[in-house]
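Order-wise, the sequence lines are chains R and L. Going by this note's numbering, the residue at position 52 of the first sequence is 52; the numbering climbs one at a time, nothing skipped. Going by this note's numbering, the residue at position 307 of the second sequence is 307; the numbering climbs one at a time, nothing skipped.
These are computed hints drawn from the structure, not numbers from a lab. Some hints here could point you the wrong way.
Restraint ranges, calculated between C-beta atoms of paired labels, are given here [unchecked claim]: (1) 78/R <-> 137/L: 22 to 30 Å; (2) 24/R <-> 446/L: 28 to 36 Å; (3) 255/L <-> 76/R: 28 to 36 Å; (4) 70/R <-> 356/L: 24 to 32 Å; (5) 13/R <-> 169/L: 56 to 64 Å; (6) 78/R <-> 121/L: 25 to 33 Å; (7) 21/L <-> 25/R: 55 to 63 Å; (8) 22/R <-> 44/L: 46 to 54 Å; (9) 76/R <-> 34/L: 41 to 49 Å; (10) 25/R <-> 349/L: 23 to 31 Å; (11) 385/L <-> 63/R: 25 to 33 Å; (12) 97/R <-> 184/L: 12 to 20 Å; (13) 3/L <-> 68/R: 45 to 53 Å.
Just so you know, even glycine gets a beta-carbon here, dropped at the ideal spot from N, CA and C.
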Amino acid sequence: MFENWSHFILAFLGFICIGLIIYLLGNRSKKTEGWKNEPYTCGEPFPRTDVGAENFYAAIRQNLRIDEIRKLHSGRLTDYLLWMVVGVTAILIMVIFL
Amino acid sequence: MIEYAIVVLLVGAFLTPVFKRSFVPLAAILFSFLVMASVFMQGQTVIMKFSGWSPPFGIVWVVDSFNALMGLLVTGMAMLVAIYSTKYVRERKSRFFTLLCLMTAGLLGVTLTGDVFNMYVFFEILSIACYGLVAFNTDKEAIEGALKYIVLGPLASSFILLGIAMLYGLTGTLNMADIALKVGPDIAFNVAFGFLIGGFALKSAIVPFHFWLPDVHPVAPSPISAMLSGVVVGTGVYTVMRIIFTIFGFSGIMWMFVAFGVLTMIIGGIIAIVQTNVKRMIAYSTVSQSGYIFLAFGLGTHLGVSAAIFHLVNNIVIKSLLFLAAGIIIWHTGKKDMRDLGGLGKQLPLVMICFGIGALSITGLPPLNGFVSKWMIYSATWEISPVLTAIAVIVSAMTLIYYMKAFSCVFLGHSKCEIKEKTPLAMLLPVIILAAVCVFLGVFPQLAIGVIERATGALLDQSQYITAVLGGG
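Throw the hints in and build the complete structure from the sequences for me.
Listed below in structure tokens is the structure:
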């Protein structure tokens, strides 16, 4: 199954090179008047944005309710000890009864 | 010859404070690395009897293709970390290197021994060195992290000791091969197995035993974080695999490990997304990747175990790379919080490239080593259940999400810190070497797969292990 890994990797790199060549050809400067290179009325203005680490993927954070899972990582040693005992008990139940 | 690999490390540990020079531990670790490299190149199972006592009466060290690979990784990473630390650690160097030598000796002992109690003793040597190294910075966070580790570590050790005591009571031996011969259908064996797995699960950081890891790994000095997240967790996983396949000889799907693996992958990945401390994020990533390894070997198939071993190797290399690269950033800026970092790509371009390679590799993108092992995991899970494959792919996407965030926050955007010093070559070189390994193993995976296949064969062939140890050796 993995005999042709090099071929796959080379093909992958090859396709990247072909894509790069097409991209560069497409972006070659053409001898046109300046205004013709600009869009007429469409396109979005591109304001500079700076998203802080705290707000990165805020939507994911809210929708997946990550904060509720984070509460389990309370930093309290007693909680960690409890989880460890729960884990060992779960393993023992599984290896004995399942 | 193998015994000298550990003896020299122990001697190096005691001579380091006497000479107070970095060359002593460096020479000791280099010697161990060369010994392990020569054993690895031989490619044969080596049995070393202590004091001439034949197994099962005496302690033996058994080096097959699997633990030769692990030994090579342990000493190789320790070597790179030692080189890195010569510049990273600015004070109390002799204490640091003494503990690093002890840590490496403990790790090597755990991987090489063929005796369960000897394994426990080496784990204790390793743990005690780790406690000291985690507290090395002596700030509030470091002390708190070390205290948590000191309380939870011995609890895990107690479970392990209880499991070993039960096995000894049931079989009258501590030799792994001899225990493997005597394991029977008695339910007491299952209880001993449960205690052993419970204890080593803490070292391997699988859910719900992982809570300590994100509190402990980030507070250690960065080279030690690299050792803890890469090699120490890797050795914990190695031990679990050894217990399952060599001692108890399980075959077929082990749903318990698959379930733990899936849970660990998802929880580690989800929480990593919201981290703002770069080292803590990498620590959660370690939890998540540990889950991948448990999922893969839990499948019990040859491909699954191969994938697990390959991902174990890759995780050791990549986590070491990421923590060492993060260490350079912290060394320059003194900051771990991504909110305080930014625009470092222009000032540290090499570190940015190497961190990027590590991040893309652990995500599983070609042409890097992480892609090959993850592809193997996807293939192995596909044979059992496509649902598991889908979960593995989704968690890979999560991995990309949090590493993109870290890369963007630290290296792109506006510059928030000014780098005044040049990065020392001793710190840069290990990072470049590890990044090169990621690319090399990704472009030429056949080389690694040959080694992984031999390691898998050695791990799964329980009868060959028993014959090698008890049949003369």
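For each hint, the structure was consulted:
| no. | hint | verdict |
| --- | --- | --- |
| 1 | 78/R <-> 137/L: 22 to 30 Å | holds (25 Å) |
| 2 | 24/R <-> 446/L: 28 to 36 Å | holds (33 Å) |
| 3 | 255/L <-> 76/R: 28 to 36 Å | holds (32 Å) |
| 4 | 70/R <-> 356/L: 24 to 32 Å | holds (27 Å) |
| 5 | 13/R <-> 169/L: 56 to 64 Å | holds (58 Å) |
| 6 | 78/R <-> 121/L: 25 to 33 Å | holds (29 Å) |
| 7 | 21/L <-> 25/R: 55 to 63 Å | holds (59 Å) |
| 8 | 22/R <-> 44/L: 46 to 54 Å | holds (52 Å) |
| 9 | 76/R <-> 34/L: 41 to 49 Å | holds (46 Å) |
| 10 | 25/R <-> 349/L: 23 to 31 Å | holds (28 Å) |
| 11 | 385/L <-> 63/R: 25 to 33 Å | holds (26 Å) |
| 12 | 97/R <-> 184/L: 12 to 20 Å | holds (18 Å) |
| 13 | 3/L <-> 68/R: 45 to 53 Å | holds (51 Å) |
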